[in-house]
Amino acid sequence: MSTLLTLVLILLGVAAGGWVLRFAGQKATGNAPMFRDMPYAVAFGYVLGACLLMFSVWYFFQPTVTEAGVPNAGVVFFRWAVQFFILSAIAAFLFRALGRTVGTRGSKKLFRQMPLTASFGVLVVILYAFTAIFAAWLAPHGQEAIFAKVNVLPGGNAATGGDPLFPLGTDQIGRDLLSRLIYGAQNTVGIAFVTTCLAFFLGGTLGFLAATLQGWLDQVLSRAVDVLMAIPSLIFALLLMTIASAWAGSERWLLTVYMILIIAVIDSTRVFRLARAVGLNIVVMDYIEAAKLRGEGLGYLIFKEILPNATAPLLAEFGLRFCFVFLTIASLSFLGVGIQPPLADWGTMVRDSAQFINFAAFSPLTAALPLLAAGAIALLTVGVNFVVDWMLHRSSGLKE
Amino acid sequence: MQSVFRIILQRLALGLLTLFVVSIVIFTAVNMLPGDFAQAILGQGATPDAVEAIRRDLGLDQPPITRYFQWLGSAVQGDLGNSFAQANFASFVGADSGVRTTVAQQIAPRFANTMFLAAVTACIAVPVSLVLGILAALFRNSVFDRATNVTTLTSISSPEFFLAYVLILFLAVLNPVLPSLSNIFEGMSFGERLEKTLLPALTLTLVVTAHMMRMTRAAIINLLASPYIEMARLKGMSPMRVIVKHALPNALAPIINVVALNLAYLITGVVVVEVVFVYPGIGQLFVDSVKIRDIPVVQACCLIFAAAYILLNLTADIMSILSNPRLRHPK
Amino acid sequence: MSALVEIRDLWIEGRSDEIWSPIINGASLSLKKGEVLGLIGESGAGKSTLGLAAMGFTRDGVRISKGSVMFDGIDLITASAAKKRELLGKRIAYVAQSAAASFNPAHKLIEQHTEGPVQHGVMSRSDSVEDGIELYRRLRLPNPEEIGFRYPHQVSGGQLQRAMTAMAMSCRPDLIIFDEPTTALDVTTQIEVLASIRDIVEQFDTAAIYITHDLAVVAQMADRIKVLLKGDEVEEADTRTMLSHPKEDYTKSLWAVRAFERPQKPAVHTNATPVVSVQNVSAAYGKIPVLHDVSFDIHEGRTVAVVGESGSGKSTTARCITGLLPPSAGVIEFDGKALPANYKSRNKDQLRQAQMIYQMADTALNPRTTIGDIIGRPVQFYMGLTGKQKRRRVEELLEEIEMPAAQYIDRLPSELSGGQKQRIGIARALAAEPKFIICDEVTSALDQLVAEGILKLLARLQDDLKLSYMFITHDLATVKAIADEVVVMKEGKVVEQGPKQEMFVPPHHPYTDLLLSSVPEMDPDWLTNLLNERGVDNIGDAAVDKMS
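Chains as they are written, first to last, in the UniProt record's numbering: chain A, 1 to 400; chain B, 1 to 331; chain C, 1 to 548.
Hints in this document: simulated from the structure, not taken from any laboratory.
Hints may contain errors.
[As the list claims (entries may be wrong)] Capping the alpha-carbon separation at 16 Å, the derived lysine to aspartate or glutamate pairs in EDC-like fashion look like this:
id, chain 1, residue 1, chain 2, residue 2
1, C, 480, C, 521
2, C, 480, C, 464
3, C, 265, C, 235
4, A, 304, C, 373
5, C, 33, C, 60
6, C, 435, C, 214
7, C, 348, A, 296
8, C, 435, C, 402
9, C, 252, C, 235
10, C, 466, C, 205
11, C, 247, C, 235
12, C, 456, C, 402
13, A, 292, C, 349
14, C, 230, C, 205
15, C, 252, C, 205
16, C, 83, A, 37
17, C, 252, C, 236
18, C, 84, A, 289
19, C, 33, C, 205
20, C, 344, A, 171
21, C, 265, C, 525
22, B, 245, C, 214
23, C, 66, C, 111
24, C, 230, C, 249
25, C, 337, C, 349
26, C, 84, B, 230
27, C, 344, A, 296
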């Protein structure tokens with residue numbers, strides 16, 4: 001109850017502060033337009049923001065170990081988060097500065113207009129792609145290699161139950177967790193990428209055909225897609241995975257193949273909707289009519305007239321679809337029906353190490369492991385979403 | 001008014017038809033399972049007689065179309081069949097426990113739990129996201145808008161279990177304010193129940209709020225750009241009046257749409273979150289049944305999820321028809 | 001007496017891609033009480049921005065960088081937001097271009113009408129409702145007692161525009177800004193709106209700024225005219241002086257546009273085979289009939305202008321000829337031979353002979369294809385030319401449309417101006433070496449000077465290449481300039497047809513007469529004379545209704 005009371009008191013204080021700020025501003029600047037026309041909500045927002053910022057700074061500089069010698073885990077996690085945030089901002093800034101000076105004229109122009117979030121997204125995507133492709137060289141051990149030391153704690157410090165050979169420790173059967181994290185990039189990202197490509201091939205082709213030909217083909221496909229989209233995609237995927245697991249039997253790699261096919265089909269319905277809508281918008285253009293009246297064939301219409309004008313929305317959709325597929329696969333793996341062992345995969349890693357969270361109060365490093373794997377998933381989707389958000393903003397031509 | 005009524009009836013019929021087709025899809029998918037349910041239940045060592053008995057008991061000797069209509073017919077009356085859990089078939093291998101759990105018995109309490117979770121989430125998420133969305137639209141391109149944009153984008157992009165564990169870390173482990181496991185049972189007081197539900201509800205809130213807020217913001221900005229809002233400002237109306245009198249009546253349709261769509265989205269989110277918090281809801285039941293291949297339960301859960309999803313989308317549709325003055329007052 | 005509005009050295013900037021670029025460069029104007037100032041200029045001249053700035057208002061992404069706007073002694077730039085709100089709607093009102101979009105769809109007209117007076121404390125709600133009905137009556141809206149209780153989508157465009165004028169009048173403001181109020185309307189509707197606006201502004205002695213791109217309209221409405229070009233002032237004078245003695249070259253060229261007219265051609269041989277012959281064509285979209293028994297001929301080297309207002313079936317006729325909409329009855333003959341009804345059954349040569357130029361050059365050119373490829377495709381497709389030969393032909397065609405090949409051949413459509421894009425559309429049609437071209441409102445999206453250039457080009461090409469044109473337009477000035485024969489359409493039927501010289505001399509069909517008389521002329525007394533001649537009840541929609 002007292003926490004609630006404190007919160008209310010703080011908010012009241014901020015409310016008063018907002019009023020004081022506006023009043024003082026008006027007096028100090030001789031009623032300058034900025035303060036004169038300032039709505040109260042804005043003044044309130046400024047004061048609240050300032051309070052939060054001050055509290056964060058104060059909390060950041062709290063000691064990481066309490067006087068009793070117990071780690072102050074809250075501060076530790078907070079510091080990690082803030083440091084990660086600041087580092088990524090710096091990295092994104094440097095990356096953008098690099099992009100502005102190196103490269104072709106077009107790419108330089110692109111980087112000049114790019115907000116920091118988008119350049120961060122591009123950087124993340126590049127890093128992930130690099131990790132995925134060169135996982136075999138980057139990882140210290142193989143993903144299936146089993147060592148004698150099991151349940152080594154992370155940190156690499158022998159005094160606290162770690163081992164410098166395994167910086168992130170090992171799991172219950174003695175596999176190196178750092179290596180599995182790195183291989184996870186290859187497996188999780190790679191499989192998601194293949195699935196998205198498949199979904200696009202399927203949905204895109206049918207969508208454009210439906211838009212160009214219209215008539216009964218369009219009707220049949222659209223109604224079928226309506227029905228498939230009426231089932232929530234994760235639920236549908238789980239249902240089909242049940243059946244697939246019965247078909248696959250003990251062949252676990254087969255289950256992964258089924259999973260790719262199932263998710264690709266489910267997601268192709270969304271791609272179909274978009275491709276059809278984009279196609280329909282283009283088909284009504286006069287230049288399509290001109291081409292039809294010229295006597296051009298279907299192939300020319302789709303590949304030369306429609307497709308080049310659909311690339312921007314399709315590319316953005318590819319990013320969003322990829323995120324969606326990636327998250328679906330991660331969720332399936334987390335629920336235990338996705339990517340199958342012995343392949344290393346982030347969703348499975350989170351599930352296997354989830355209980356470590358409970359050790360956070362006395363060993364923050366141990367608790368970081370499930371968060372690291374889950375964060376690896378989140379980071380990529382955040383990056384892709386930042387890029388897509390920027391692309392959509394650009395193509396929508398919003399000037400404000 | 002007549003035409004609106006007709007349009008709504010049409011949509012309702014279309015929704016029912018979709019649900020019907022969806023039930024066919026689910027039934028067909030389940031029937032694509034290899035081999036025989038009876039065999040699967042009893043395992044390899046079963047006697048042919050026992051297998052035959054189960055087949056007859058489940059009606060598996062009937063043709064698929066008959067079985068489909070039997071299933072659908074009883075599902076409409078609330079009878080979703082018997083679970084495949086081993087205990088139910090103990091009698092066939094000679095150890096009768098005498099008790100059978102029907103799917104309906106299994107689902108009913110969990111369905112109520114899930115509805116409770118969804119309701120708590122909606123109660124937090126809807127007001128918060130609408131207020132934030134409208135604020136972001138009004139102060140667009142301000143620091144506040146940019147910060148919420150980045151935050152919500154991050155929250156949308158994160159898998160539900162990531163958000164769940166971050167919340168557990170901060171609210172259950174480091175600062176033990178809330179329990180990290182939601183062991184809900186019957187006969188609990190409302191307050192206790194709410195406390196146990198709060199953490200999963202907060203996780204879902206984070207995801208749904210982000211979506212809802214962004215969509216609200218987009219809808220409001222779209223609206224504020226329309227000429228009649230400029231006209232209202234040029235008539236010297238106060239900002240408050242422009243929003244309340246001119247923007248809001250027209251924003252209702254998009255906002256209702258946003259809310260309904262996001263509640264539909266909750267359905268998917270509920271599965272993962274329930275597993276993380278071991279919340280005894282329908283999502284967890286679904287995942288467990290998937291793992292042990294308890295087909296009748298999977299089938300029933302799927303149908304319930306799809307029905308809720310279709311219903312919410314239908315609501316969104318009908319609400320936006322009702323709030324459109326062009327349709328309410330035809331020429 | 002001092003001026004009501006005084007703008008001095010006003011500079012306005014707009015933001016695009018994070019860069020502020022100028023929209024208005026140092027404009028000044030002053031307006032006395034009860035005076036009407038016409039602001040005229042082509043698109044991008046900054047007319048609307050200046051008009052809104054006179055209310056102390058800028059749109060998002062636009063800012064005033066320098067200068068002052070004084071309204072009745074109040075500086076609108078430094079005034080507080082609350083002070084400005086007090087003036088807006090009460091003493092300064094605005095009438096927007098698109099009334100359909102500017103009325104709130106969720107409220108009845110009368111509710112929106114009374115909002116201003118009630119909120120500004122000028123009148124009570126019931127007084128304001130009564131006053132609104134009175135204003136509707138004065139603006140000659142049909143059923144003035146009842147029309148206010150409808151929703152905006154239940155009222156036609158011309159009526160909405162008058163209802164908006166009534167709304168602007170609701171507080172009896174000292175100043176009204178009219179921002180192209182009749183641009184979106186048909187000519188016969190426009191005239192009614194013009195007449196009622198002029199009346200009411202005179203009755204209440206309101207000062208007004210009337211923004212338009214149409215010279216003839218501004219000549220009727222304004223006491224003084226100010227000409228803008230790309231944010232710069234060109235000149236300002238009272239209406240009669242400006243019309244008779246424009247000083248600047250740019251103004252003179254604007255005035256001269258209206259003078260372009262082709263010489264009369266000799267009559268066609270009575271037994272000559274027409275290039276295109278439309279015979280008793282009827283057509284329908286689904287079950288809704290849109291064309292009824294349409295017939296006309298187009299001869300070699302001639303231009304047939306098809307005239308009518310929106311919804312009259314002009315473009316549908318074109319779709320029947322091209323085969324996009326197979327007619328439900330009747331035939332289209334080309335060089336005396338019947339064409340297959342559907343374009344899909346026509347052979348390559350039949351398709352090649354009839355080409356089309358579109359109204360919106362933006363949507364008619366594939367934005368991802370270079371100019372060379374756009375023009376090169378028909379060259380390759382029909383003539384089979386490739387490589388160097390193809391490029392040479394494309395260069396020839398570009399010379400033909402007066403665009404230097406070296407400069408433009410590798411550009412994308414987005415890098416061209418509106419007029420240049422339209423020229424590319426013409427070149428693409430020419431590349432097929434057709435005998436017949438359909439021009440669908442090819443100049444209506446263009447500024448007058450640019451349109452003039454396109455018309456002259458089309459005329460020259462016709463003489464050089466013996467082309468036949470079907471020229472679809474709603475603009476009678478264009479008809480006068482380029483047509484040999486005229487077909488007047490209304491509600492899917494041909495009302496009247498014949499050679500141009502006959503069409504512009506009475507007597508003719510009452511609809512043609514109405515259409516012709518509704519086109520504003522440059523004479524400032526035109527509207528007054530017309531109203532005296534025909535009476536207020538015999539113009540506009542009212543007159544159209546009487547006819548049918």
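> Is residue 435 of chain C close enough to residue 214 of chain C, meaning Cα to Cα at most 16 Å?
Replying inline: Distance ~34 Å between residue 435 of chain C and residue 214 of chain C Cα, so the pair is violated.
Margin query: So if I understand the rule, the pair passes when the alpha-carbon distance is 16 Å or less; does residue 292 of chain A with residue 349 of chain C pass?
Written below: Roughly 14 Å between the alpha carbons, so the hint for residue 292 of chain A and residue 349 of chain C holds.
| task | Would you mind confirming whether the straight-line C-alpha gap from residue 348 of chain C to residue 296 of chain A stays at or under 16 Å? | result | The hint holds at about 10 Å.
* Given the hinted pair residue 252 of chain C and residue 236 of chain C, is their alpha-carbon gap at most 16 Å? -> holds (13 Å)
Report task. Decide if the proposed pair is consistent with the structure: residue 33 of chain C and residue 205 of chain C, CA atoms, cutoff 16 Å inclusive. Result -> Holds. Residue 33 of chain C to residue 205 of chain C sits at ~8 Å (cutoff 16 Å).
- For the pair we were handed, residue 344 of chain C and residue 296 of chain A, check the Cα-Cα distance against 16 Å. Judged against 16 Å, a Cα distance of about 10 Å means the pair holds.
Open item on the list: For a C-alpha distance cap of 16 Å, please report whether residue 265 of chain C and residue 235 of chain C respect it.
Closed with: Status violated; Cα separation ~39 Å.
Satisfaction of hint between residue 249 of chain C and residue 230 of chain C, Cα-Cα up to 16 Å: holds (15 Å)
task: Assess, step by step, whether the Cα of residue 245 of chain B is no farther than 16 Å from the Cα of residue 214 of chain C, and give holds or violated.
output: Given that 16 Å is the threshold and the Cα spacing comes to 36 Å, the pair is violated.
Satisfaction of hint between residue 37 of chain A and residue 83 of chain C, Cα-Cα up to 16 Å: Holds, at roughly 11 Å.
**Q.** Pair hint outcome, residue 304 of chain A versus residue 373 of chain C [Cα-Cα no greater than 16 Å]
**A.** holds (11 Å)
- Item | residue 435 of chain C paired with residue 402 of chain C [C-alpha distance capped at 16 Å] | violated (21 Å)
Of the numbered hints given earlier, the model fails hints 2, 3, 5, 6, 8, 10, 14, 15, 18, 20, 21, 22 and 23; all others are met.
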